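Student: Under full-length UniProt numbering, think of the first position of the sequence shown as 1, with each following residue one higher.
Source of the hints: derived by calculation from the structure; they are not laboratory data.
Predicted, not measured: the structure shown is a model, and the values here were computed from it.
Glycine included, every Cβ here is placed at the ideal spot set by N, Cα and C.
Treat the hints loosely; a few may be bogus.
[What the hints assert, rightly or not] Pair ranges (Cβ atoms, derived):
#, residue 1, residue 2, range
1, N280, Y231, 17 to 27 Å
2, E218, R142, 38 to 48 Å
3, E234, A257, 40 to 50 Å
4, I178, K125, 45 to 55 Å
5, M38, T153, 17 to 27 Å
6, S181, Q227, 16 to 26 Å
7, S224, G75, 23 to 33 Å
8, G75, T153, 25 to 35 Å
9, P251, A146, 15 to 25 Å
10, E234, G3, 43 to 53 Å
11, Y264, Y231, 43 to 53 Å
[What the hints assert, rightly or not] Computed list of lysine-lysine pairs in DSS-like fashion (alpha-carbon distance at most 27 Å, straight line):
#, residue 1, residue 2
12, K233, K133
13, K76, K136
14, K13, K76
15, K76, K63
16, K109, K78
17, K77, K150
18, K225, K210
19, K217, K274
20, K65, K15
21, K77, K65
22, K109, K77
23, K109, K210
24, K13, K78
25, K136, K15
26, K150, K65
27, K63, K150
28, K13, K225
29, K63, K77
30, K99, K15
31, K76, K133
32, K76, K99
33, K109, K9
34, K225, K99
35, K173, K9
36, K150, K136
37, K233, K245
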Amino acid sequence: MFGYVTVNKPEMKVKDYERYRMYYCGVCHALRNTDGAMGQMSLTYDSTFAAVLLTALYEPDTKMKEATCMVHPVGKKKYLENEVIQYIADMNLILTYYKCLDDWEDDRKFTRLCYSSFIRKRVRKIGQVYPEKLAKIRESLRTLSACERKNVTNLDLLAGTFGDIMAEILAYKSTRGIDWSEELRRLGYQLGKFIYILDAYDDVQEDIEKNRFNPLKELYHELSKEQFDNYVKEILMMIATDMAKIYECLPIVEETAILRNIIYSGIWVRFMTKQNDAENGKQ
1 MFGYVTVNKP
11 EMKVKDYERY
21 RMYYCGVCHA
31 LRNTDGAMGQ
41 MSLTYDSTFA
51 AVLLTALYEP
61 DTKMKEATCM
71 VHPVGKKKYL
81 ENEVIQYIAD
91 MNLILTYYKC
101 LDDWEDDRKF
111 TRLCYSSFIR
121 KRVRKIGQVY
131 PEKLAKIRES
141 LRTLSACERK
151 NVTNLDLLAG
161 TFGDIMAEIL
171 AYKSTRGIDW
181 SEELRRLGYQ
191 LGKFIYILDA
201 YDDVQEDIEK
211 NRFNPLKELY
221 HELSKEQFDN
231 YVKEILMMIA
241 TDMAKIYECL
251 PIVEETAILR
261 NIIYSGIWVR
271 FMTKQNDAEN
281 GKQ
């Protein structure tokens, strides 16, 4: 369900993409520093977007560092370090942990159970710092899992539940007393809805083949391929429009090229790739 909130690289300037990579590597290093290689395995593009957004909005003291890593063992790569990036890394681990537990409960995926055991200790420590966020994320994921087990197909309810999760993650308050958490909560809610629906659209054919839950299965059977694509696209466009309106009201000066690339273009990359693959006869 993760990894859809990325950049549209061909539409970016080289300097902006390099800057984006510094955030990506920053979240990766934050995960490694707190939970080793196991933490790094939970890294997503979605968390990178959140790190860029919160850093640009709150402008915390940020250090630029260089280091090698498993992915880049030769030649040091630049990365960014600040309190926001660490916060996002922590939230990423919480979300990954409880998602793994749900995958174990629902599908008995043993690898997910094993992975959750590796990061459990760190998640408990994070929960001591952010007990309310951990509780809300855990409860929303449990609600979502319960709805899916009952075969609830109310798309707005399901997407809204995942929206609550992303809302809680983005609702960050600066340690310097600056608070845009309510605006961020609304943005996160729309972002979560977008991610959930796009994920359902992306997986619908595979879920049908493997007899797995997907709230879009009935519509996929009832509508033509063109009608189905247009239906999903219309919903996603409404959500993306609301998300963009909220973003444009935030007093963000830095990293606007990166953020607008993601919000206006990057979030559509997977949708367009899926459509292009279908037109070319690929799955």
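Student: Run every hint past the structure and note whether it holds.
Tutor: Evaluation of the provided hints:
| no. | hint | result |
| --- | --- | --- |
| 1 | N280 with Y231: 17 to 27 Å | 22 Å, holds |
| 2 | E218 with R142: 38 to 48 Å | 25 Å, violated |
| 3 | E234 with A257: 40 to 50 Å | 28 Å, violated |
| 4 | I178 with K125: 45 to 55 Å | 26 Å, violated |
| 5 | M38 with T153: 17 to 27 Å | 35 Å, violated |
| 6 | S181 with Q227: 16 to 26 Å | 40 Å, violated |
| 7 | S224 with G75: 23 to 33 Å | 51 Å, violated |
| 8 | G75 with T153: 25 to 35 Å | 50 Å, violated |
| 9 | P251 with A146: 15 to 25 Å | 39 Å, violated |
| 10 | E234 with G3: 43 to 53 Å | 23 Å, violated |
| 11 | Y264 with Y231: 43 to 53 Å | 22 Å, violated |
| 12 | K233 with K133 | 31 Å, violated |
| 13 | K76 with K136 | 38 Å, violated |
| 14 | K13 with K76 | 22 Å, holds |
| 15 | K76 with K63 | 15 Å, holds |
| 16 | K109 with K78 | 36 Å, violated |
| 17 | K77 with K150 | 47 Å, violated |
| 18 | K225 with K210 | 20 Å, holds |
| 19 | K217 with K274 | 16 Å, holds |
| 20 | K65 with K15 | 17 Å, holds |
| 21 | K77 with K65 | 8 Å, holds |
| 22 | K109 with K77 | 35 Å, violated |
| 23 | K109 with K210 | 15 Å, holds |
| 24 | K13 with K78 | 18 Å, holds |
| 25 | K136 with K15 | 38 Å, violated |
| 26 | K150 with K65 | 48 Å, violated |
| 27 | K63 with K150 | 48 Å, violated |
| 28 | K13 with K225 | 35 Å, violated |
| 29 | K63 with K77 | 14 Å, holds |
| 30 | K99 with K15 | 35 Å, violated |
| 31 | K76 with K133 | 35 Å, violated |
| 32 | K76 with K99 | 33 Å, violated |
| 33 | K109 with K9 | 33 Å, violated |
| 34 | K225 with K99 | 31 Å, violated |
| 35 | K173 with K9 | 30 Å, violated |
| 36 | K150 with K136 | 21 Å, holds |
| 37 | K233 with K245 | 18 Å, holds |
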